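Novice: Chains as they are written, first to last, in full-length UniProt numbering: chain L, 1 to 797; chain G, 1 to 297.
None of these hints come from the bench; they were simulated from the model.
Hints are not guaranteed to be accurate.
Derived coverage of chain L by chain G (criterion: at least 3 residues anywhere in the stretch with Cβ under 8 angstroms from a Cβ of chain G; other residues may be distant) [claimed, not checked]:
#	segment
1	127 to 141
2	282 to 294
Label-pair distances were calculated between CB atoms; the ranges are [said to hold, decoys possible]:
#	chain 1	residue 1	chain 2	residue 2	range
3	G	ASN110	L	ARG37	20 to 28 angstroms
4	L	GLY658	G	ARG237	23 to 31 angstroms
5	G	GLU247	L	ARG37	56 to 64 angstroms
6	L	ILE193	G	SER290	54 to 62 angstroms
7	G	ALA90	L	THR722	23 to 31 angstroms
Stretch by stretch, here's where chain G covers chain L in the computed footprint (C-beta under 8 angstroms, at least three residues) [unchecked claim]:
#	segment
8	654 to 662
9	721 to 728
Please read these numbers as outputs of a predicted model, since none were measured by experiment.
Using N, Cα and C, we set each Cβ at its ideal position, and we do this for glycine too.
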Amino acid sequence: MTTVSEKKLTEFEDNDQKPVGFGRMLRKEDARLLRGRGRFVDDVQLPGMLHLAILRSPFAHAKIVSIDTSAAEASPGVKAVVTGETLKGLGLAWMPTLSNDVQAVLATDKVRFQGQEVAFVVAEDRYQARDALELIDVEYEVLDPVIDVRKALEPDAPLIRDDLDGKTNNHVFDWETGDAEETDRVFAEADVIVKEDIVYPRVHPAPMETCGSVADFDPVEGRLRLWSTTQAPHAHRTLYAIVAGLPEHKIQVIAPDIGGGFGNKVPIYPGYVHSIVGSIVTGKPVKWMEDRSENLISTGFARDYIMRAEIAATREGKILAIRTNVLADHGAFNGTAAPVKYPAGFFGVFTGSYDLMAAHCKMTAVYTNKAPGGVAYACSFRITEAVYLVERIVDCLADELEMDPAELRLKNFIQPDQFPYTTKTGWVYDSGNYEPTMRLAMDMAGYEELRKEQALKRAKGELMGIGIAFFTEAVGAGPRKNMDILGLGMNDGCELRVHPTGKAVVRLSVKTQGQGHETTFAQIIAEELGIPPDDIDVIHGDTDNTPFGLGTYGSRSTPVSGAAAALVARKVRDKAQLIASAMLEVSVADLDWVKGAFQVKGDPGRSVTIQEIAFKAHGAGDLPEGMEGALEAQICYNPSNLTYPHGAYICVVDIDPGTAEVKVRRFIAVDDCGTRINPMIIEGQVHGGLTDGVGMALMEMIAFDEDGNCLGASLMDYLIPTSLEVPDWETGFTVTPSPHHPIGAKGVGESATVGSPPAIVNAVVDALKPFGVRHADMPLTPSRVWDAMRGQATPPI
Amino acid sequence: MQVPAPFEYERATSVDQAIGLLERLGSSARLVAGGHSLLPMMKLRLANFEYLIDINDLHGELGYIRVAADEVRIGAMTRHRELLESDALAQVFPIFRDAERVIADPVVRNRGTLGGSLCQADPSEDLSAVCTTLDASCVIRGSRGERVVTMEEFHVGPYETAVGDGEILTEIRIPIKPGKSGSAYAKVERRAGDWAVVSAGAAVWLDEQGQISDARVGLAAVGPNTTGIPEISASLRGRAPDESLYELAGAIAARSCDPVTDTRGSADYKRHLADELTRRTLRGAVERASAVERARS
Ligand SMILES: Cc1cc2nc3c(=O)[nH]c(=O)nc-3n(C[C@H](O)[C@H](O)[C@H](O)COP(=O)(O)OP(=O)(O)OC[C@H]3O[C@@H](n4cnc5c(N)ncnc54)[C@H](O)[C@@H]3O)c2cc1C
Numbered sequence: 001m002t003t004v005s006e007k008k009l010t011e012f013e014d015n016d017q018k019p020v021g022f023g024r025m026l027r028k029e030d031a032r033l034l035r036g037r038g039r040f041v042d043d044v045q046l047p048g049m050l051h052l053a054i055l056r057s058p059f060a061h062a063k064i065v066s067i068d069t070s071a072a073e074a075s076p077g078v079k080a081v082v083t084g085e086t087l088k089g090l091g092l093a094w095m096p097t098l099s100n101d102v103q104a105v106l107a108t109d110k111v112r113f114q115g116q117e118v119a120f121v122v123a124e125d126r127y128q129a130r131d132a133l134e135l136i137d138v139e140y141e142v143l144d145p146v147i148d149v150r151k152a153l154e155p156d157a158p159l160i161r162d163d164l165d166g167k168t169n170n171h172v173f174d175w176e177t178g179d180a181e182e183t184d185r186v187f188a189e190a191d192v193i194v195k196e197d198i199v200y201p202r203v204h205p206a207p208m209e210t211c212g213s214v215a216d217f218d219p220v221e222g223r224l225r226l227w228s229t230t231q232a233p234h235a236h237r238t239l240y241a242i243v244a245g246l247p248e249h250k251i252q253v254i255a256p257d258i259g260g261g262f263g264n265k266v267p268i269y270p271g272y273v274h275s276i277v278g279s280i281v282t283g284k285p286v287k288w289m290e291d292r293s294e295n296l297i298s299t300g301f302a303r304d305y306i307m308r309a310e311i312a313a314t315r316e317g318k319i320l321a322i323r324t325n326v327l328a329d330h331g332a333f334n335g336t337a338a339p340v341k342y343p344a345g346f347f348g349v350f351t352g353s354y355d356l357m358a359a360h361c362k363m364t365a366v367y368t369n370k371a372p373g374g375v376a377y378a379c380s381f382r383i384t385e386a387v388y389l390v391e392r393i394v395d396c397l398a399d400e401l402e403m404d405p406a407e408l409r410l411k412n413f414i415q416p417d418q419f420p421y422t423t424k425t426g427w428v429y430d431s432g433n434y435e436p437t438m439r440l441a442m443d444m445a446g447y448e449e450l451r452k453e454q455a456l457k458r459a460k461g462e463l464m465g466i467g468i469a470f471f472t473e474a475v476g477a478g479p480r481k482n483m484d485i486l487g488l489g490m491n492d493g494c495e496l497r498v499h500p501t502g503k504a505v506v507r508l509s510v511k512t513q514g515q516g517h518e519t520t521f522a523q524i525i526a527e528e529l530g531i532p533p534d535d536i537d538v539i540h541g542d543t544d545n546t547p548f549g550l551g552t553y554g555s556r557s558t559p560v561s562g563a564a565a566a567l568v569a570r571k572v573r574d575k576a577q578l579i580a581s582a583m584l585e586v587s588v589a590d591l592d593w594v595k596g597a598f599q600v601k602g603d604p605g606r607s608v609t610i611q612e613i614a615f616k617a618h619g620a621g622d623l624p625e626g627m628e629g630a631l632e633a634q635i636c637y638n639p640s641n642l643t644y645p646h647g648a649y650i651c652v653v654d655i656d657p658g659t660a661e662v663k664v665r666r667f668i669a670v671d672d673c674g675t676r677i678n679p680m681i682i683e684g685q686v687h688g689g690l691t692d693g694v695g696m697a698l699m700e701m702i703a704f705d706e707d708g709n710c711l712g713a714s715l716m717d718y719l720i721p722t723s724l725e726v727p728d729w730e731t732g733f734t735v736t737p738s739p740h741h742p743i744g745a746k747g748v749g750e751s752a753t754v755g756s757p758p759a760i761v762n763a764v765v766d767a768l769k770p771f772g773v774r775h776a777d778m779p780l781t782p783s784r785v786w787d788a789m790r791g792q793a794t795p796p797i
Numbered sequence: 001m002q003v004p005a006p007f008e009y010e011r012a013t014s015v016d017q018a019i020g021l022l023e024r025l026g027s028s029a030r031l032v033a034g035g036h037s038l039l040p041m042m043k044l045r046l047a048n049f050e051y052l053i054d055i056n057d058l059h060g061e062l063g064y065i066r067v068a069a070d071e072v073r074i075g076a077m078t079r080h081r082e083l084l085e086s087d088a089l090a091q092v093f094p095i096f097r098d099a100e101r102v103i104a105d106p107v108v109r110n111r112g113t114l115g116g117s118l119c120q121a122d123p124s125e126d127l128s129a130v131c132t133t134l135d136a137s138c139v140i141r142g143s144r145g146e147r148v149v150t151m152e153e154f155h156v157g158p159y160e161t162a163v164g165d166g167e168i169l170t171e172i173r174i175p176i177k178p179g180k181s182g183s184a185y186a187k188v189e190r191r192a193g194d195w196a197v198v199s200a201g202a203a204v205w206l207d208e209q210g211q212i213s214d215a216r217v218g219l220a221a222v223g224p225n226t227t228g229i230p231e232i233s234a235s236l237r238g239r240a241p242d243e244s245l246y247e248l249a250g251a252i253a254a255r256s257c258d259p260v261t262d263t264r265g266s267a268d269y270k271r272h273l274a275d276e277l278t279r280r281t282l283r284g285a286v287e288r289a290s291a292v293e294r295a296r297s
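The whole structure should be built from the sequences, with the hints applied where relevant.
Specialist: Next comes the structure, spelled out in structure tokens:
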């Protein structure tokens, strides 16, 4: 069942309702955040706290000959200077990455990317720590770096990972999905084949708050408290236990308010470990807060895929197969955060929203002398790259067939009766109804009119483009049968306690970084129990006070923890029903649940509210035979499948023919994320993601020079978009619930980041059609658009 | 948080006192005006100075825009925002408002100053291009008195000016020439608030017959300093403005500049923009000058 609705631009008027359940309402956390009452890691002040600064490598690839720390140690206020050698003595020089590789906590032998951690200083204040860095004398022997990813596997390429036993090249992994033979067969028989080399350049999440931590190790109790900027506090705690050999019950990881994550705060960075070591060494709490440049040059990047895409179709426009060959740049250490069995994340959904006969992907991942990372930035585990690939190559096919790109997509959609649909790469799409979503977007855009306007403009030499992207995402990792990170199953706990007066507290394993969990999860409980959201406290981010779970990324919070919250509330409701039956002296089967109360069937006058039941559960008098007091429950949810949100995006751009500047005139985004919990929050997520998309499509890229110097080390060089680059977003929605999710919800946090770049690039390429342009790579800066206009489009790397 | 190296800090109470401090402290001292160029460099530790002499309290003395019959005088401490908002200035030189609309963002414009912009001598500085276009001169004061230099003399190289140790830029003077004038500014940037990929300013003066009596073009981000192009002035003088003339000027601009390829764009593209923006701003400047003419007749 799909319902269709168009949201006009009156979105703000009805936000401040107080629904007991789903519906628009202002975010509970915003009063705190907007009034400067948030408490972020950098707000943590502990008595006697010291400050840590990290010395980073100026070179992309160099041998460390010697490090002299004596002058730094003598510098005012300095309490400790730690190098890789010190850590080596403690067995802490290396740590595992999220992808079963290892990463240097501090370099011992070599530095392998510019910005790599070489030493750290702990001092009384931040200035003294930073000043002392200047006094550390490191002698490097500079080595040739591997910067051009295409040359990483050449026989004479410098070897980056000589720390790995027996490693003789820069190869990380080969990965394959789909059926190569069948795909080749379909291609061989196809009328039309279109091929394009498509690059998704390296970009950076650039959250407003950079990464940091405060470590407080108590040597007497052997307890470690760590405030850190983490999207996954529980997973981090377990990893610290494994890495540092500290007992897990003596580690408390606290993620307080987090100023944006976008995947950047999924990995464990050396800096977090430094603060722990710093606290152990000095016996004092130690704060580390990286600066903007450090964040940009050393923390998890995203994308960096070079993709050869091929699509096969009939002359009439029936898409038959897609195949692709990908070269993936993983930087100096394979720090990709993805379920272990998915080294390329969920890139396998590159078959898109189309019913294909065959598909195949072959990928090679390599090391280069660049910062590690890989999956970050609202990418749903590489779905961003996959969606970009398929939506770009489908447009290339439309161009080849001289078909309208909307028509081509409509012709090839997976049909509603085909769901659950198993793709040729083995993904089981849970539900979808694509055509109404697409039609709604086209209606909102006035698609036919836009095409007419474009024809008139073209005749006058004006450059206007209309771009379409239709995406299907796979989110909500994931079923424990095949998804884990370093052996930890991707399931989420949830605990709910209803207090005697009927107020409640729900404890989550996931952690908001701006997504609005404190509101959304209160609304889920409210919907199930009829307790107003304002009466429900949402606790998250502190491992001592919340159940285990894998954290917030990959749009997984609502699909996984949201399901857990609904189910834990139902558990509580089941118990409440037993108590109600005793209170009303009727059998359980004779009770109806009307949100917030149990009513006797046929006698609505006789009912008890959830608040009355809560009091009874804690109050005097007997409870039903064998029942314990209190009204609470806990659960650990294991999703049976991922959820598959979809959406149709249409972008209209105008290009100045003289300067090649691109102006995004309109953007229509119709999202289907199943059941909508708080539409205002969804729209907020979509607005943010669309803005991200404008950034990636038009300006963002972490570039390197040939020596491996990062050219995006400040926000003057690494551009992120402002309100002036974006239009008024036009959002709409359809609702196709997930059949296996308890409330039918699918994730939406990353949809817009995934779906918008291809829509924008498709629009720019469409505008450039008069110049014979079929493809141009991001970022579409004026200079690069001008190159494309002259038939000289080049890949950005 | 990016933290600078240690430095000492003093607030100047008058121009003369600031000059006294500069003389005493020598090259280890630096003036700080709006701080929007200096402080980022210090935080990134690209620049370290032992002393900062804060001249923001001199805004009363050095923050002014005086439009007289034959000259405009602007104090060095005049903020971007004041330049943006001045109607008197926009009336004689609309190029200022054009430029200020595309310089940085409101936060930067509230603090950044004309003097700081010129003294920073960044090749992409928009106000330098504006002043070059308008044939401004710069008043530099030291303990031995004042001297006045042209913009060409003022900018010695990238990030280098004629202001010596113990000197301070106090004022910019822009001549108001006879005849009807118009001016305009255009900038291509990758994003609002970004530095220019290329920008261009143009000013024209028309005689009674509507012929160009003088024209000047200034470019930013295409050479070691903002570039004025005398050859354009020479080829436009005495001619009636039309498209072919703008094209000629654009071609000269493209040929005379010296851009480099960087993350903002390729040298070829920048050369193309020098051409394109020269044509656009000349066209705009002539339109404005003619509008003045129409308004008067
Ligand atoms: C985010 C951002 C974006 C920006 N974008 C643009 C842009 O698009 N276009 C543009 O043109 N500029 C841009 N700027 C620069 C901005 O205009 C600065 O304000 C300006 O360059 C410097 O002015 P200031 O008063 O801040 O100078 P300061 O930073 O205080 O000083 C700059 C230099 O000039 C010296 N100095 C200052 N005043 C005097 C004086 N009276 N006599 C002698 N020396 C002096 C200082 O010692 C210092 O060396 C941007 C800045 C930022 C932070």
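Novice: Of the hints stated earlier, which fail here?
Specialist: none
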